[in-house]
Every structure is written in structure tokens, then in C-alpha cells.
Amino acid sequence: MTSEEDEVIRKRQRERARVTALLLGAFVVLLFFITIAKTRANW
Amino acid sequence: MPTLELTRPAALPADWRDFLALTKPRVMYLVVFTGLCGMLAAPTLPPLVLGFTAILCIALGAGACGALNQWYEVDVDAKMRRTAKRPLPDGRMDRQSALHFGVALGVFSVLLMGLASNWLAAALLAASILFYVFIYTVWLKPRTAQNIVIGGAAGAFPPLIGWAAATGSVATLPLLLFAIIFLWTPPHFWALSLFVRSDYANAGIPMLPVVAGVESTRRQILIYTLPMAVAAIAPWPLGLTGAVYGVCATVLSFVFLVLAARVAANRTSDPAQMHPEKHLFAFSVFYLFALFAVLVADRFIA
Numbered sequence: 007m008t009s010e011e012d013e014v015i016r017k018r019q020r021e022r023a024r025v026t027a028l029l030l031g032a033f034v035v036l037l038f039f040i041t042i043a044k045t046r047a048n049w
Numbered sequence: 005m006p007t008l009e010l011t012r013p014a015a016l017p018a019d020w021r022d023f024l025a026l027t028k029p030r031v032m033y034l035v036v037f038t039g040l041c042g043m044l045a046a047p048t049l050p051p052l053v054l055g056f057t058a059i060l061c062i063a064l065g066a067g068a069c070g071a072l073n074q075w076y077e078v079d080v081d082a083k084m085r086r087t088a089k090r091p092l093p094d095g096r097m098d099r100q101s102a103l104h105f106g107v108a109l110g111v112f113s114v115l116l117m118g119l120a121s122n123w124l125a126a127a128l129l130a131a132s133i134l135f136y137v138f139i140y141t142v143w144l145k146p147r148t149a150q151n152i153v154i155g156g157a158a159g160a161f162p163p164l165i166g167w168a169a170a171t172g173s174v175a176t177l178p179l180l181l182f183a184i185i186f187l188w189t190p191p192h193f194w195a196l197s198l199f200v201r202s203d204y205a206n207a208g209i210p211m212l213p214v215v216a217g218v219e220s221t222r223r224q225i226l227i228y229t230l231p232m233a234v235a236a237i238a239p240w241p242l243g244l245t246g247a248v249y250g251v252c253a254t255v256l257s258f259v260f261l262v263l264a265a266r267v268a269a270n271r272t273s274d275p276a277q278m279h280p281e282k283h284l285f286a287f288s289v290f291y292l293f294a295l296f297a298v299l300v301a302d303r304f305i306a
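Note that the protein sequences, when read in sequence, are chains A and B.
Taking the working numbering, the leading residue of the first sequence gets 7, the next gets one more, and so forth.
Taking the working numbering, the leading residue of the second sequence gets 5, the next gets one more, and so forth.
I should point out that these hints are in silico values taken from the structure, not numbers from a laboratory.
Warning: the hint list may mix true and false statements.
[Said to hold, decoys possible] Here are the simulated DSSO-like cross-link-like pairs (lysine-lysine), alpha carbons at most 30 Å apart as the crow flies:
#1 B:28 <-> A:17
#2 B:89 <-> B:145
#3 B:89 <-> B:28
#4 B:89 <-> A:17
#5 B:282 <-> B:89
#6 B:28 <-> B:83
Nothing here was measured: the structure is a model prediction, and the numbers come from that model.
Bound conformation, chain A alone (with noise of 0.2 Å):
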């Protein structure tokens, strides 16, 4: 495998894990909002 190729891979594994990362913080946010929905309606 070449450099060039090694870099394309490594690039799109650093893609991938950002969006995985936002992705994951979306979900923190959303069950956070949930929780709190939640909690409010069994009140």
C-alpha cells in the first residue's frame, strides 16, 4: 500500500469518526430532552 493510499484510508477513518462522534452527541442531547419530557408528563 501506498502512501497516497494509506492517506486516503486514514482521511476517511477521521470522517468517519467525527460523524460518529457528532452523531453520538446528538443522541446524549436527545435522551437528555427525553428524560426531561418525560419526567414532566408523570408529574
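Please arrange chain B on chain A, whose structure you already have, making use of the hints.
Structure of chain B alone, referenced to chain A:
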């Protein structure tokens, strides 16, 4: 941006955009919209964040269906011009990644729906995913020309799920909304399959124009449009909607019927000359959007 050609494409991890493409986002709009309208037409509305989550779950469930459909049909997609550039047939992703992604997305969407909304909505979502994957994709689509007729039920679930997420129950109106999409699917897909029938024939998919011929398909389109129009107008005389919906549904269904009659009267077999079929296909998408939008408008006006 120019892309680098690799000597071993299989070693390249799939791009995140390819995972997104696997979910068929362009098809998802209608699913999300009808699900949202089903929810908004309900007598009680859930808190905003829970409603948003329910719609998100419907979208994720539809994405799971798209991914699993593409995983299963990779050989068929490779033979069709319309689908040959999808991530799997184009070699941009390995099949196992698509399978894992589809299953994970489906399970996640059902669990999140159950936890955020209620388990009836989650069960309906699970049923729609399983129906689409096993009944439609695996069983019906490669075997029978009636694949779209029965398989259309999978796409008809969203308003039912949206309503169930809002109310925790199922009533007559969402069942009628289910019936509308169920009966709308054959004319919609058959209009498309008439002018791309060579693609389906090459791929060995027994769509109606391939199996029964063009003329028979045109007649079937007109025949199926009649019960669809009845189902679309029915909520009005049944007292489930107001006159705004009733009048708009009648006008829209009449236009649909006229376009279907033009298709039935068309005699050309050259796809390039199938203008009535293309008009009907385009209008059928608008029809469903408009019908459901008017349903929600009627609910808030009344």
C-alpha cells in the same frame, strides 16, 4: 474534487456518505411526511421532543429498510442502470457492513420508539420493518407481479405509527390513511415501472409490465385508482374530517383519475413517448403530499 484510484478498493473503509445513501434518503421524505401528518391528525399531540423522536424513529426505521433492501438486492441493483451506482453494487462498501448497519439501525429505531413514545408505536414500527424486509423484499418482490400490491402495506404504516405514537392507540382515521397509501402504491409504482420496464426485465424482477404487458398494466392502474379515490374521500362522509379535506380530496382524486384514464388510453410502447405515465407518476407524489397536508390543515381549521 478528484478521487484517488486505489489498487485494492475493498481495503478502503466505506465513506459515511455511502452509509447515508444506503438509507435511501430521497424515498424517506414521503415516509417522514405521512408519519408526521398521521401524528398531527391525532386528537392529542405529544410533547414536542417526544413527537420529534417518534418521527426520527420512523425515519431511522425507513433507513434500516433501505439498507437491508440494498444488502439483499445487491445483485439485482448491479443489473439496473437506475441502481448500479449505489454503494454496494458500485463496490464502495462491503455487504457485511451494510447488513450490520441495517440491523443496528432497525433495532435502535424500535427501541428508541418504545422508550420515548409507547410500545404500540414501537410494535407497529417493528412490524413495518419486518414486513418490508421479509414479506416484500425477500418473498414477494422476486416472485410475483403482485409484489407492489401486497408490499405496499409496508409503506402504508407511517401514519398509523405517527398516530399510535401520539395517542397510544389505533382508530378508524389512521386505518383509512393506511388504506389510502396501500391503494396509492400500485398506480404510483406501476406508472414508474412502465417507463423503466426494461431495467426491471434485465434484472429479472417480475414487475407487472414485464409479466403481464404494458396494456394490462395501464388497465390495472386505472382499476386501482378507483378504490384509492374512494378511500381518500371516505374520511369526509364518515365524519372523521371536515369539508376542507373532503373537497380537496375529491378534486385531487378526480385529477388522479383523469391522469390514470389518460395512461389507460395511451397506446405507445416507447418509454420516451410515455408522457401520460410520467405525468401520473409525478402527480401521484404530489397527490399524497397534498392529501396529507390538507388533512392536517383541516384538523387545525376545524
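Q. Given the hinted pair residue 89 of chain B and residue 145 of chain B, is their alpha-carbon gap at most 30 Å?
A. holds (21 Å)
Q) Within 30 Å, alpha carbon to alpha carbon, are residue 282 of chain B and residue 89 of chain B? A) Since the Cα atoms of residue 282 of chain B and residue 89 of chain B sit roughly 23 Å apart, the hinted pair holds (cutoff 30 Å).
(Q) What's the verdict on residue 89 of chain B and residue 28 of chain B, does the C-alpha distance respect the 30 Å limit or exceed it? (A) holds (13 Å)
Q) Within 30 Å, alpha carbon to alpha carbon, are residue 89 of chain B and residue 17 of chain A? A) Measuring from Cα to Cα gives roughly 23 Å; hence the hint holds.
Q | Holds or violated: residue 28 of chain B to residue 83 of chain B, with C-alpha atoms at most 30 Å apart | A | holds (18 Å)
Q.
For residue 28 of chain B and residue 17 of chain A, compute the direct alpha-carbon distance and say whether it is at most 30 Å.
A. holds (25 Å)
In summary, the structure agrees with every hint in the numbered list given earlier.
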